[in-house]
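Each chain, letter by letter, is given below.
Number of protein chains: 2
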Amino acid sequence: MSWKVIEIPVDAPAPLPEPRVDELRLENVFGVLADPLRLGIVRKLLLESEAFDHTCGWFGLDRPKSTLTHHFRALRDAGVIRQRQYGLERRSHVRVEDLEARFPGLLRLVVDRAA
Amino acid sequence: MSWKVIEIPVDAPAPLPEPRVDELRLENVFGVLADPLRLGIVRKLLLESEAFDHTCGWFGLDRPKSTLTHHFRALRDAGVIRQRQYGLERRSHVRVEDLEARFPGLLRLVVDRAA
DNA sequence: CTCCTTGTACGACTCCTATCGTACTAGGTG
DNA sequence: CACCTAGTACGATAGGAGTCGTACAAGGAG
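Residue numbers (full-length UniProt numbering), protein chains in the order written: chain V, 1 to 115; chain F, 1 to 115.
Hints are computed from structural coordinates only; laboratory data are not their basis. A hint or two may mislead.
Each pair may be met inside one copy or between any two copies, as identical chains are not told apart.
To be verified - Subject to a maximum C-alpha distance of 25 Å in a straight line, what follows is the list of computed SDA-like cross-link-like pairs (lysine to any residue): (1) K65 with L109; (2) K65 with E97; (3) K65 with R82; (4) K44 with H70; (5) K44 with P13; (6) K44 with L24; (7) K44 with A101; (8) K65 with L46; (9) K65 with D112; (10) K65 with D77; (11) K65 with P104; (12) K44 with R25; (13) K65 with P36; (14) K65 with D11; (15) K65 with Q83; (16) K44 with Y86; (17) K65 with R84.
Kindly produce the complete structure, drawing on both the sequences and the hints.
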């Protein structure tokens with residue numbers, strides 16, 4: 001993998017409910033990535049995230065908060081991102097290792113061909 | 001590629017209207033493959049097609065004809081399959097080379113993880 | 001405590017899409 | 001010609017998903 005794998009501190013909050021690796025289904029992942037806004041979110045996370053994960057506000061998306069909640073929830077339900085609650089903020093990062101293990105090469109497609 | 005690339009005779013009918021390779025968009029391909037029925041169609045074509053392409057009836061899908069027309073059209077509009085009219089029949093095959101050129105590894109995911 | 005911030009929950013609205021019945025067209029066969 | 005067959009076209013329906021406003025909950029700062 002050419003993108004950075006995020007390292008989570010051991011004392012980080014537990015992830016919010018999410019599907020296990022063996023529960024990931026290709027139809028669901030395809031479905032959730034078929035939306036341009038969500039594809040852009042995942043792509044930005046893969047390309048620009050650095051040492052840690054990010055809040056919804058970091059993406060600079062010009063949409064109401066309730067819309068963003070909807071999309072981040074969809075991404076988490078499909079198993080594409082992992083979310084943790086840090087006080088006020090809910091931070092997200094792509095489940096790179098899980099997705100790569102189950103669907104090798106998928107994230108490469110997202111990074112290369114999202115334009 | 002491990003699946004068979006179909007060879008079309010030179011005197012075959014022209015393909016029905018379809019997007020060019022450079023018009024293929026990842027969101028559209030993801031969207032069209034997010035449907036379980038369509039994912040199954042593409043997977044079956046990749047795994048079981050032999051020397052030539054196939055009619056709608058070959059798939060043995062227990063759905064009305066109008067439903068099948070709808071799904072095959074969606075696959076063609078997204079650029080996943082190519083269709084040619086042979087007299088009465090309309091035969092389909094996956095655009096393996098085009099998809100592999102634009103989204104390398106995508107079809108591998110479909111074949112391996114459609115269960 | 002009060003105020004601000006981050007994000008959720010709920011509901012409404014709209015649009016898209018999957019499904020299917022029916023009617024129809026085109027090509028092939030006798 | 002009549003008849004069958006593969007598939008389209010059209011329309012109706014129902015369910016799902018994207019969008020968003022509003023109200024609300026929880027954490028942090030003063």
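Hint check results:
1. In the homo-oligomer, the alpha carbons of K65 and L109 never lie at most 25 Å apart, since the shortest distance is 28 Å inside one protomer and 34 Å across protomers.
2. For a Cα distance limit of 25 Å, the shortest separation of K65 from E97 qualifies neither inside one copy, at 29 Å, nor across copies, at 42 Å.
3. In the homo-oligomer, the alpha carbons of K65 and R82 lie at most 25 Å apart inside one protomer (19 Å), although the nearest pairing across protomers, at 41 Å, exceeds that limit.
4. Proximity of K44 to H70 under the C-alpha cut-off of 25 Å is restricted to the intra-copy arrangement: shortest distance 18 Å within a copy versus 34 Å between copies.
5. Taking the closest pair of Cα atoms, K44 and P13 come within 25 Å of each other only inside a single copy of the chain (23 Å); across copies the shortest separation is 43 Å, beyond that limit.
6. Taking the shortest Cα distances, K44 and L24 sit within 25 Å of each other both inside one copy (22 Å) and across copies (21 Å).
7. Proximity of K44 and A101 under a CA criterion of 25 Å is satisfied in both settings, with 21 Å inside one chain copy and 24 Å between copies.
8. Proximity of K65 and L46 under a CA criterion of 25 Å is satisfied intra-copy only: 22 Å inside one chain copy versus 42 Å between copies.
9. Taking identical chains as interchangeable, the C-alpha atoms of K65 and D112 are never at most 25 Å apart, the minima being 28 Å within one chain and 37 Å between chains.
10. When the C-alpha separation of K65 and D77 is checked against a cutoff of 25 Å, the pair qualifies only within one copy, where the shortest distance is 18 Å, while the shortest distance between copies is 34 Å.
11. For the identical chains of this complex, K65 and P104 are neighbours neither inside a copy (32 Å) nor across copies (35 Å), given an alpha-carbon limit of 25 Å.
12. Taking the shortest alpha-carbon separations for K44 and R25, both the intra-copy value of 23 Å and the inter-copy value of 18 Å come in at or below 25 Å.
13. For a Cα distance limit of 25 Å, the shortest separation of K65 from P36 inside one copy, 17 Å, qualifies, whereas the shortest one across copies, 31 Å, does not.
14. Taking the shortest alpha-carbon separations for K65 and D11, neither the intra-copy value of 28 Å nor the inter-copy value of 57 Å comes in at or below 25 Å.
15. For a Cα distance limit of 25 Å, the shortest separation of K65 from Q83 inside one copy, 16 Å, qualifies, whereas the shortest one across copies, 43 Å, does not.
16. For a Cα distance limit of 25 Å, the shortest separation of K44 from Y86 inside one copy, 21 Å, qualifies, whereas the shortest one across copies, 45 Å, does not.
17. Taking identical chains as interchangeable, the C-alpha atoms of K65 and R84 lie at most 25 Å apart only when both belong to the same chain, with a minimum of 17 Å there against 47 Å between chains.
Hint compliance for this structure: hints 1, 2, 9, 11, 14 are broken, all remaining hints hold.
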